[in-house]
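Now that you have both chains on their own, put them together as the hints suggest.
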Amino acid sequence: MTPDDEWDEGTPERLYILTGGRSGPEEAGLDLVTLIVARSAPQIGMQPEHESILRVCESPLSVVEISAHLKLPVSIVTVLLADLLAEERVEARAPAPSLPDIDIIKAVIHGLQNL
Amino acid sequence: MVSRTFETVAGPRSEDTLPSSATSAVKIVIVGGFGVGKTTLVRSVSEIRPLTTEETMTQASVSVDDLEGIERKSMTTVAMDFGRISIDDELVLYVFGTPGQQRFWFLWNGLFEGALGAVVLVDTRRLEASFDVLGRLEESQTPFVVAVNAFDEAPSYSDEELREALDLTDDVPLLVCDARSRESSKGVLLALMRYLYSLAMTSEAT
Chain Z
24 MTPDDEWDEG TPERLYILTG GRSGPEEAGL DLVTLIVARS APQIGMQPEH
74 ESILRVCESP LSVVEISAHL KLPVSIVTVL LADLLAEERV EARAPAPSLP
124 DIDIIKAVIH GLQNL
Chain L
15 MVSRTFETVA GPRSEDTLPS SATSAVKIVI VGGFGVGKTT LVRSVSEIRP
65 LTTEETMTQA SVSVDDLEGI ERKSMTTVAM DFGRISIDDE LVLYVFGTPG
115 QQRFWFLWNG LFEGALGAVV LVDTRRLEAS FDVLGRLEES QTPFVVAVNA
165 FDEAPSYSDE ELREALDLTD DVPLLVCDAR SRESSKGVLL ALMRYLYSLA
215 MTSEAT
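First to last, the protein sequences are chains Z and L.
Heads up: the first sequence is residues 24 to 138, going by my numbering.
Heads up: the second sequence is residues 15 to 220, going by my numbering.
Isolated chain L, as found in the complex (with noise of 0.2 Å):
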C-alpha cells in the first residue's frame, strides 16, 4: 500500500458536536420497505442532517431482481440512514431507518438488540411488505408500534381494516403521520415511548 491516499475526512461540523458530558446513547429503529418514508421521518426529527452508514454484502444469487436468473457473486451495498436527537446534556437517541428486508438485517449486528423499540413504517398501497417485518418483531419480542404514512394518493382504511388486514393485536398502537412534518413524526416517536412506558409500568406491576 505505497500510494494509497485517504481523503480527508471532514467530520462532523462545529455545531453538529454533542457536548461533552454526553455518556450515553439509545436507539429507536424505523422499519419499512422502500419508499416507504423512513429516511423522510429520520430527517423530519433529527438535529444532524441524515447520515448513512454502509455494509458490503458479498452472496452467490439467483435472486427474484436477476432476470436472467444466472447464478453469479454479486456484491450489494446495503445503506442504512440515522439521525440523532439529543435527549440532555447526557442522552442521546439515534433514529435508524432500516430496510424492511430481514436478509439485511444482520449486517449491522445488533441494531435491534438494545433498541427501545421499532417503528414499522407502513404505505396503504404495499401492505403486504410490512407482514414480514411484523412476525420478525414479535418473533425477536421488539417492542413497536405502526405508523401508517399517509401518502396523499393512497387509500385511506379505517383502524379496524388495517389491524385486520395487518393481523394486529389492540394492545399495539397504530397511527397515521406525514412523515414530512417534523409535529407529525415526532409524534410517532412519542407514540412508541408512551407505549414502552406503559409496557414497562405493567411489567413492574406483576
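Here chain Z stands alone, though its shape is the one from the complex (with noise of 0.2 Å):
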C-alpha cells in the first residue's frame, strides 16, 4: 500500500493541509448566505481549491452553496474565501441589513406568495 492509497479526503489532516492550519477568519465576517462573485478568471498554479471557487462563482453563489458544491466544510471555505478577498479575486457582496428590517420581511412574504 502506497501512503496515497491511505489518502482519506475526508479527514480533518486533509482540511488542515488545504487551509495551512488557519482556522475561520472571523475577521473576514462571511456569514453562511454571504453572496461571493468571482471577480477574476482562475490562473494557472493556484491552489486547485481556489481555481474552484472561482469557476463556481462567475454568478453570485452563496459561501454554503461554495461548500456544497466543493463538498468542503464551511469552516474550510471561510478560510479559503478570505485568501481570495484579500487578493480581490472575489467580491463578498454585502449582507442584508440588520433585522427586523420590515421592507426585507415585506419582500420574503411578497416572494413566497408568488412562488
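Worth flagging that the hints you see were computed from the coordinates, not collected in a lab.
Quick caveat, the model's predicted, so the values are computed rather than measured.
Each residue gets a CB set at the ideal place from its N, CA and C atoms; glycine is no exception.
Hints are supplied without guarantee of correctness; some may be wrong.
What the hints assert, rightly or not - Distance ranges between label pairs, derived from CB positions:
1. Leu189(L) / Lys129(Z): 35 to 43 Å
2. Met215(L) / Ala109(Z): 26 to 34 Å
3. Gly149(L) / Ile125(Z): 27 to 35 Å
4. Asp185(L) / Asp126(Z): 20 to 28 Å
5. Ala164(L) / Leu138(Z): 16 to 24 Å
6. Ser154(L) / Gln66(Z): 39 to 47 Å
7. Ser88(L) / Gln66(Z): 58 to 66 Å
What the hints assert, rightly or not - A few chain Z residues facing chain L, derived, Cβ under 7 Å:
8. Ser75
9. Pro83
10. Ala91
11. Arg116
See below:
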C-alpha cells in the first residue's frame, strides 16, 4: 500500500493542509449566506480549491453553496475565501441590513406568495 | 502533496445560477429531530435541488449511542441540508434544515445569528424531541413558529393539547402542515414571515 492509498479525502489532516493550518477567519465577516462573486478568472498555478471557488462563483453564490459544491466544510471554505478576498479575486456582497427590517420581511412575504 | 488529485467541481447547473443582480441573502432555519421531515420541507419549497454541507466533529465520546460505553475518540460527520428561493432580482432566501440537537449548532457558526427566524418542525409521536429546541430558541431570542408535520399514522391533538404539551404561549403561531406539499410548506414559511411582520410592527409601535 502506498501512502496515497491511505489518503482519506475527508480527514481533518487533509483539511488542515488545505488551509495551511489556519482556522476560521472571523475578521472576514462571512455569513453562511454571504453572496460571493468572482472578480477574476482562475489562473494557472493556483491552489486547486481556490481555482474551484472562482469557477463556481462566476455568478453570485452563497458561502454555504460553495461549501456544498466543493464538498468542503464551511469552516474551510471561509478560510479559502479570506485568501481570495485579500487578493481581491472575489467580492463579498454586503449582507442584508440588520434585522428585523420591515422592508425585507415584506419582500419575502411577497416573494413567497408568488412562488 | 505531490499526487493529490482534486476532482473537478461541477458547480451549479446553468439553470440554478443566480442573476448577477443578486446582492443579499437572508435565511430561515428549520429545526427538528431526525426523520421529522426537515429535508422534505426544504425540498418542497426550494428552487434548486437541496444541497448538503458537512462539518466534522471530533470528540471524546462515551455517548448514549455507544453501547459498550467505552471511551474513544470518534469523528462524526454532521450534515445540514438547505435550499434556496429567489425572492426578487436582488434578494435570495435560504432555508436550512438543521439537526435538533443543540450540540451540533455550533458547527455552523452564526447559523441562527442574522436568521429571520426559525420553524420548529414537530412529529406528534415524538413531541419530547422538541422540548430542548424550543427552550434554546427562546433563550437565544430567535422568533419561531411551530409546525406539526402531519404524518398519516401519527396521532392528532387539538391546538390546546399541543400548546400545553409543548408549553407554548398563545402568541407563538402553531400550525399543521404536510411537508411533502409545496403549498403547505410555503404556508409554513409565510406563517413565520407574517409573525415576524407582526413582531416588527409591535416593536416599531413601542
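(message) Flag every earlier hint the structure violates by its number, smallest first.
(response) 1, 2 and 7
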